[in-house]
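Trainee: Protein sequence lines, in the order shown, are assigned to chains B and L. Numbering-wise, full-length UniProt numbering puts 71 at position 71 of the first sequence, and it's gapless, one number per residue. Numbering-wise, full-length UniProt numbering puts 45 at position 45 of the second sequence, and it's gapless, one number per residue.
Certain hints may be false.
Here are the computed lysine to any residue pairs in the SDA-like style, where the Cα-Cα straight-line distance is at most 20 Å [said to hold, decoys possible]:
id, chain 1, residue 1, chain 2, residue 2
1, L, K180, B, D241
2, B, K236, L, P231
3, L, K180, B, D175
4, B, K236, L, G146
5, L, K180, B, T228
6, B, K192, L, Q48
7, B, K236, L, E196
8, L, K180, B, N233
9, L, K192, B, D175
10, L, K192, B, E176
11, B, K188, B, M49
12, B, K188, L, Q48
13, B, K236, L, V65
14, B, K227, L, S179
15, B, K236, L, R21
16, B, K227, L, K180
17, B, K192, L, E178
18, B, K188, L, S179
19, L, K180, B, M49
20, L, K180, B, D102
21, L, K180, B, R200
22, L, K180, B, S221
23, L, K180, B, L25
24, L, K192, B, R174
25, L, K180, B, F235
26, B, K192, B, K236
27, B, K227, L, K240
28, L, K219, B, D241
29, L, K180, B, V187
30, L, K180, B, E176
31, B, K236, B, Y199
32, B, K236, L, Q48
33, L, K180, B, L226
34, L, K180, B, W177
35, B, K188, L, Y181
36, B, K192, L, R182
Everything labelled a hint here was simulated from the structure, so no lab data went into it. A quick note: this is a predicted structure, and the numbers were derived from the prediction, not measured.
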Amino acid sequence: MMNLADSAPATNNMLGSEADSQRTLYPYVTGTSVIGIKYKDGLLFAADMGGSYGSTLRYKSVERLKSVGKHSVIGASGEISDFQEIMRYLDELILFDNMWDDGNSLGPKEVHNYLTRVMYNRRNKFNPLWNSLVLGGIKNGKKYLGTVSMIGVHYEDDHVATGFGNHLARPILRDEWHENLTYEEGVKLLEKCMRVLLYRDRSAVNKLQIAKITEEGFTVSEPYSLKTSWDFNAFKNPTLDAEGSW
Amino acid sequence: MSRFEESAPARGGFSYDLCKRNEMLMQKGLKPSSYLKTGTTIVGLVFQDGVILGADTRATEGPIVADKNCEKIHYMAPNIYCCGAGTAADTEAVTDMVSSQLKLHRFHTGRESRVVTALTLLKSHLFSYQGHVSAALVLGGVDVTGPHLHTIYPHGSTDTLPFATMGSGSLAAMAIFESKYREGLTRDEGVKLVAEAICSGIFNDLGSGSNVDVCVITKGKREYLRNYMLPNPRTYVSEKGYSFSKKTEVLLTKITPLRELVEVIEGGDAMEE
């Protein structure tokens, strides 16, 4: 006797059966904001070194700024394991480009476009790489700075940020960024933004790196911390003249 | 004996009568009211002689700007003002109500109102409504005990701070405060910083816009600077206006009657119904 129960699948699961489901549903280990700006000789990026596991600051030496080929820098916020996967894709991309050995090399614009396609296509398959990326570089004197989100939203600008950086750092950059910032001015501006983020973003850690890319190449600073000031008189005794309130 | 459980007179404290009904509604899919940071940037700052409050002037109804130039800095007492973010009706009503209570209290005591009084009246009212009165306030003033600045959240919690921001534009304004605030600011420096913070909200937050209102409160004096800055003027106004001049030429006049004239014959038969 034919067993009717076996003849047709009971579920019509459009997103694939649960057994082999390996889609990213939520992020686990996350990095917070990245900021990128153009300056006179190239581009500057800042990111702290924190990897949060939910509300715990689990990892404090995560490098979230990496170089890509000879001309570009990538910074990532969001799921760290997905960033590591993206680095594998990019390493393969650069390797294949080098194998052509034709004297040409992928510039930041090309890498940005590649990343956009990858992120968007993953999003279409409901299996996103849970990252917001900052991608910038300089090739043949032309500076390029762009960003890609986990759903494939991409654009380029003179200054970009991910996550909380959009709300806290972009307003400052819109006021104080200008063309032809010197290296010192650029670092000072980035530190100003990172300090506000340190005060007001709960997942920020006081250990950051600044990355620079110019025609000469890529450098990333040693990790260092920012000076913060918590000694307002009003913080020492907030309810001095308002007894009983909190 | 079971009659005792029914209508017991209210003896103060919380009444839990509606809890079962609320749970039933939640099960049916009613979402509980969540904290909304609605379109506004409001800020407050303590400087060396007193307190400065600032606010934008845009009132939104979803994606539409309902009022381009509304007043968000409300009068509480001659020496106390309050900025309000959240549901406009709630901020208006709650500040009006506490303002009247303060006035009656002034008559009763014969003294100038204190900021902590306004603070306590506001926070106890908001707490008793468990966050349903959606008013997020920045309360500032100068009284006998000195200058004070407080923030009050819709659920009734308060903070006492040297500088504060509330509303959807609060992050943009806070970025300016965190990078530029220092203690012992003069009046002009304070007003400049407040205006900068509100402008940051106006230009970087979609829920805030139009003009900057500022209110400076010092011992014995307050300056309500309505529309202190107008950074969004209407740039393109047509000089010609919208009256269209008569340039029509009459080419032909023809009158066509729309109905044919019917001849009524005297003594004829009545028309068919």
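Trainee: Now, for every hint given, state plainly whether the structure supports it.
Mentor: Consistency of the hints with the structure:
Of the pairs offered as hints, the one joining K180/L and D241/B is violated, with about 25 Å between alpha carbons and a cut-off of 20 Å exceeded. At most 20 Å may separate the alpha-carbon atoms for a hinted pair to count; K236/B and P231/L exceed this at roughly 37 Å. As the CA atoms of K180/L and D175/B are separated by approximately 13 Å, the hinted pair is consistent with the 20 Å bound. For the suggested pair K236/B and G146/L, the alpha carbons sit about 16 Å apart, so the restraint of at most 20 Å is met.
With a C-alpha separation of about 13 Å, the suggested pairing of K180/L with T228/B holds against the 20 Å cut-off. For the suggested pair K192/B and Q48/L, the alpha carbons sit about 25 Å apart, so the restraint of at most 20 Å is broken. Simply put, K236/B and E196/L have alpha-carbon atoms about 27 Å apart, too far for the 20 Å limit, and the pair is violated. For a cut-off of 20 Å, the pair hint linking K180/L to N233/B stands: about 16 Å separates their Cα positions.
In summary, the hint linking K192/L to D175/B is supported, as the alpha carbons are separated by about 15 Å, within the 20 Å threshold. Taking the CA atoms of K192/L and E176/B, the gap is near 16 Å; set against the 20 Å cutoff, the hint holds. At roughly 19 Å between alpha-carbon atoms, K188/B and M49/B fall within 20 Å of each other, so this suggested pair holds. A distance of roughly 29 Å separates the Cα atoms of K188/B and Q48/L; the hinted pair therefore is violated under the 20 Å criterion.
For the hint linking K236/B to V65/L, the alpha-carbon distance of about 41 Å lies beyond 20 Å, and the restraint is violated. In summary, the hint linking K227/B to S179/L is supported, as the alpha carbons are separated by about 12 Å, within the 20 Å threshold. Pair hint K236/B plus R21/L does not hold up; C-alpha atoms about 46 Å apart against a cutoff of 20 Å. Taking the CA atoms of K227/B and K180/L, the gap is about 15 Å. The hint holds against a cut of 20 Å.
Proposed proximity of K192/B and E178/L is supported: the alpha carbons are some 9 Å apart, at most 20 Å. Restraint check: the Cα-Cα separation between K188/B and S179/L comes to about 12 Å, which is no more than 20 Å; the hinted pair holds. A distance of roughly 25 Å separates the Cα atoms of K180/L and M49/B; the hinted pair therefore is violated under the 20 Å criterion. Distance restraint check for K180/L and D102/B: the Cα-Cα separation of roughly 52 Å exceeds the 20 Å cut-off, and the hinted pair is therefore not satisfied.
Taking the CA atoms of K180/L and R200/B, the gap is near 15 Å; set against the 20 Å cutoff, the hint holds. With a C-alpha separation of about 26 Å, the suggested pair K180/L and S221/B falls outside the 20 Å cut-off, and the hint is violated. Proximity of K180/L to L25/B is assessed by CA-CA distance (about 40 Å); at most 20 Å being required, the pair is judged violated. Only pairs whose Cα atoms come within 20 Å are accepted, and K192/L paired with R174/B is accepted, the gap being roughly 18 Å.
Between K180/L and F235/B the alpha-carbon distance is near 17 Å, which keeps this suggested pair within the 20 Å criterion. A distance of roughly 24 Å separates the Cα atoms of K192/B and K236/B; the hinted pair therefore is violated under the 20 Å criterion. Between K227/B and K240/L the CA atoms are separated by roughly 59 Å; this puts the pair beyond 20 Å, and the hint is violated. At roughly 15 Å between alpha-carbon atoms, K219/L and D241/B fall within 20 Å of each other, so this suggested pair holds.
Under the criterion of a C-alpha separation no larger than 20 Å, the hint pairing K180/L with V187/B is consistent with the structure, at around 17 Å. For the hint pairing K180/L with E176/B, the CA-to-CA distance comes to about 13 Å; that is within 20 Å, so the pair holds. Among the hinted pairs, K236/B with Y199/B is consistent with the structure: their alpha-carbon atoms are about 17 Å apart, no more than 20 Å. In summary, the hint linking K236/B to Q48/L is supported, as the alpha carbons are separated by about 17 Å, within the 20 Å threshold.
Taken as a hint, the K180/L and L226/B pair is honoured in the structure, with Cα atoms around 16 Å apart against an allowance of 20 Å. Pair hint K180/L plus W177/B holds up; C-alpha atoms about 16 Å apart against a cutoff of 20 Å. A distance of roughly 17 Å separates the Cα atoms of K188/B and Y181/L; the hinted pair therefore holds under the 20 Å criterion. With a C-alpha separation of about 15 Å, the suggested pair K192/B and R182/L falls inside the 20 Å cut-off, and the hint holds.
The structure does not agree with the numbered hints 1, 2, 6, 7, 12, 13, 15, 19, 20, 22, 23, 26, 27 stated previously, though it agrees with the rest.
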